[in-house]
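There are 2 protein chains.
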Amino acid sequence: MVIVGALYFFNSRQPVSTSSSSSSPSSVQVINQNNQQGEYRSVISNGNYLTSSARGMTVTTESNFNAQSFELSLNELSKRFFSTRRYIFQEGQYLSSDLLSSWLDRYSNSNRSGLNPPDNGRTDDSRNPYYLQSIEENDFMNQVNGSKLNLEGMTIGLAMNRIDHYTRTPGGPEYTQNISRAEMVAQGRTAAAKVLRRLRAMNQIPKNLPILIVMYENAPEDSLAGGAPYAYYLSKSGNTIGNWTNVNFQNIVFPKSDTDRSPIGTQDNTNFVNFKNEIQNFFPNISYATAQAHYENGSLNGLNININTSFYSVSEIKAFATYISETAPKYFNNSIPIRISLSASNQLMAVITKDANSSYRIIYLYSY
Amino acid sequence: MVIVGALYFFNSRQPVSTSSSSSSPSSVQVINQNNQQGEYRSVISNGNYLTSSARGMTVTTESNFNAQSFELSLNELSKRFFSTRRYIFQEGQYLSSDLLSSWLDRYSNSNRSGLNPPDNGRTDDSRNPYYLQSIEENDFMNQVNGSKLNLEGMTIGLAMNRIDHYTRTPGGPEYTQNISRAEMVAQGRTAAAKVLRRLRAMNQIPKNLPILIVMYENAPEDSLAGGAPYAYYLSKSGNTIGNWTNVNFQNIVFPKSDTDRSPIGTQDNTNFVNFKNEIQNFFPNISYATAQAHYENGSLNGLNININTSFYSVSEIKAFATYISETAPKYFNNSIPIRISLSASNQLMAVITKDANSSYRIIYLYSY
Chain A
21 MVIVGALYFF NSRQPVSTSS SSSSPSSVQV INQNNQQGEY RSVISNGNYL TSSARGMTVT
81 TESNFNAQSF ELSLNELSKR FFSTRRYIFQ EGQYLSSDLL SSWLDRYSNS NRSGLNPPDN
141 GRTDDSRNPY YLQSIEENDF MNQVNGSKLN LEGMTIGLAM NRIDHYTRTP GGPEYTQNIS
201 RAEMVAQGRT AAAKVLRRLR AMNQIPKNLP ILIVMYENAP EDSLAGGAPY AYYLSKSGNT
261 IGNWTNVNFQ NIVFPKSDTD RSPIGTQDNT NFVNFKNEIQ NFFPNISYAT AQAHYENGSL
321 NGLNININTS FYSVSEIKAF ATYISETAPK YFNNSIPIRI SLSASNQLMA VITKDANSSY
381 RIIYLYSY
Chain B
21 MVIVGALYFF NSRQPVSTSS SSSSPSSVQV INQNNQQGEY RSVISNGNYL TSSARGMTVT
81 TESNFNAQSF ELSLNELSKR FFSTRRYIFQ EGQYLSSDLL SSWLDRYSNS NRSGLNPPDN
141 GRTDDSRNPY YLQSIEENDF MNQVNGSKLN LEGMTIGLAM NRIDHYTRTP GGPEYTQNIS
201 RAEMVAQGRT AAAKVLRRLR AMNQIPKNLP ILIVMYENAP EDSLAGGAPY AYYLSKSGNT
261 IGNWTNVNFQ NIVFPKSDTD RSPIGTQDNT NFVNFKNEIQ NFFPNISYAT AQAHYENGSL
321 NGLNININTS FYSVSEIKAF ATYISETAPK YFNNSIPIRI SLSASNQLMA VITKDANSSY
381 RIIYLYSY
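Chains as they are written, first to last, in the numbering used here: chain A, 21 to 388; chain B, 21 to 388.
Hints were generated in silico from the structure; no laboratory data involved. Positions of the beta carbon are idealized from the N, C-alpha and C atoms, including for glycine. Possibly wrong hints are sitting among the right ones.
Going by beta-carbon spacing under 10 Å, a handful of chain A positions derived as facing chain B [as the list claims (entries may be wrong)]:
hint, residue
1, Arg61
2, Val63
3, Glu91
4, Leu92
5, Ser257
6, Asn259
7, Thr260
8, Val267
9, Asn271
10, Phe302
11, His314
12, Val334
13, Lys338
Could you build all of it, start to finish, from the sequences and the hints given here?
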């Protein structure tokens, strides 16, 4: 039990009850009592949303796509084990930023908790790269006796590099070092085993706390989509990791580049290109149309499309958005959720969305 | 009849029929056959959305807010007279950009069609200001015999200035000249009468074409909302204007500035400020929250709220968006449509919308 004290429900803003075992006088509210749109409830403590001091901690700056995608992956995979009905989401409160900073650093005489390999002094492909880029903790709480929140689950995400960037001299030109998939997986397993052991040794963490460990592969820095999780392990107790479960998720950018020879998404890419050609034919002012395609087990499971035009008239945007909503169903299966963002000169003008198995809906972003 | 020839319906992409009186061989498609979301169908001609050569024509550059708001006003008022079920929207095809350019210019010996007053040589408040800022034409078509489009209605909007900006020497500092409301209204009536007479004299325009003339007052350039229409006249035939109908629309920015003494929106502004304070209390990282409030006949009829935060975590944005959707109903009447845009560091992260008398829905703009 980590957060105790008076518990406020959102709508009444009155204390419901006070825990008699209150160790720190704090007030706790829960947002999203009704699990709107399948999302977790979350925690307001002492009048503020409870943030993690360690969130967003990475070895070097990550692309926005990886950072968002990593967090979303943890969120989605957590839902498989920690139901949104039962658990309340809390940003990680157990791994401090100092602690994570030392874990993410290289191993050295002065930092024996470093999970990245020691500096071997080399400045070419024989150097030891940074394999582990980022660690994120999510806590899953349960509200007991309607008055306090107990830690009842945890997700730990490890984001791994396939490409490490480095300089030979401070401020010098940047070099890249590729990491094979096998090497990334092996290094990730070693790091995850150490992380689990360290968590199980922490007194504040209940002995048999279910801990979900998610391994995530970062996309290259210049990718227009984030990376994807590739494995997870749910530890119910104990400090060793058994068999990993592979996760077959991919995020692909359409139109596929000429150098992209991967078999996945070939037909979907053709559909997207045909869709793009059809709308470009009718509205020739389109400066670009790209998509992020999300695959789970080889099946297209979501599509974010960005269309940028040079239109500026309200009427034309209305006509174009409507046209898109009439054209898209011919090219994309009704079972996948789709979000199409329509911008004019990079200003978002309309969002056309559909959930799985539902119809398209247009939201205009015009001003009064 | 202005557009004739083969007519394509969107879904079949096959010619439905060919007009025997085809004067120009063009193919016409109609977007939005089902009047989705109460919007007009619109016209695709020869494979392209039919734009107006004159759209966006103004004396000087207009603020984005005025330009969008002017167009939206014409669209909304047109719906009162030209039903979206019967009529198809077409961008103005009768007033060319050269023609409108001469109309919007000052009257002079070399430009006897100028609707703005002659230059009297003064460079202070005794100068003749530009009263008329912009003219926009919308055409309303009817599809007859399933094969061709006839012009059956037209809306002409005249956007008037309350503040005119000028320089005394080319490239010199900018001065402003205020125009009283009475002067704007009088000058607008004179200009509108001339415009109607000129339209009725055009051979291409059917004799008894219903023409809706909408008078619009621009907001000051630095306003965070657009101006509003203030009067309209529907001319069923003939070239004189009878009694104008006043339109009581207003767009107001919340929180109201200290200098805003207008009685309208006082309670709504208080509600907004209380809403803002409540969410700011829980999420202190909000850098600003403002709203555009749209009034019709003194009643709040729509609200666009912009909230900008410095959050970047997916979880916090989810929690905040959910929190907003739970908090807003306490402050805003369920009968008004509301759109809340939630940005982090000026990047749009979520849009929380509700139509009139419906519940809030969150659309996230995350990447994969």
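### Query
So which of the earlier hints does this model not fit?
Violated hints (numbers, rising): 5, 6, 7 and 8; every other hint is consistent with the structure.
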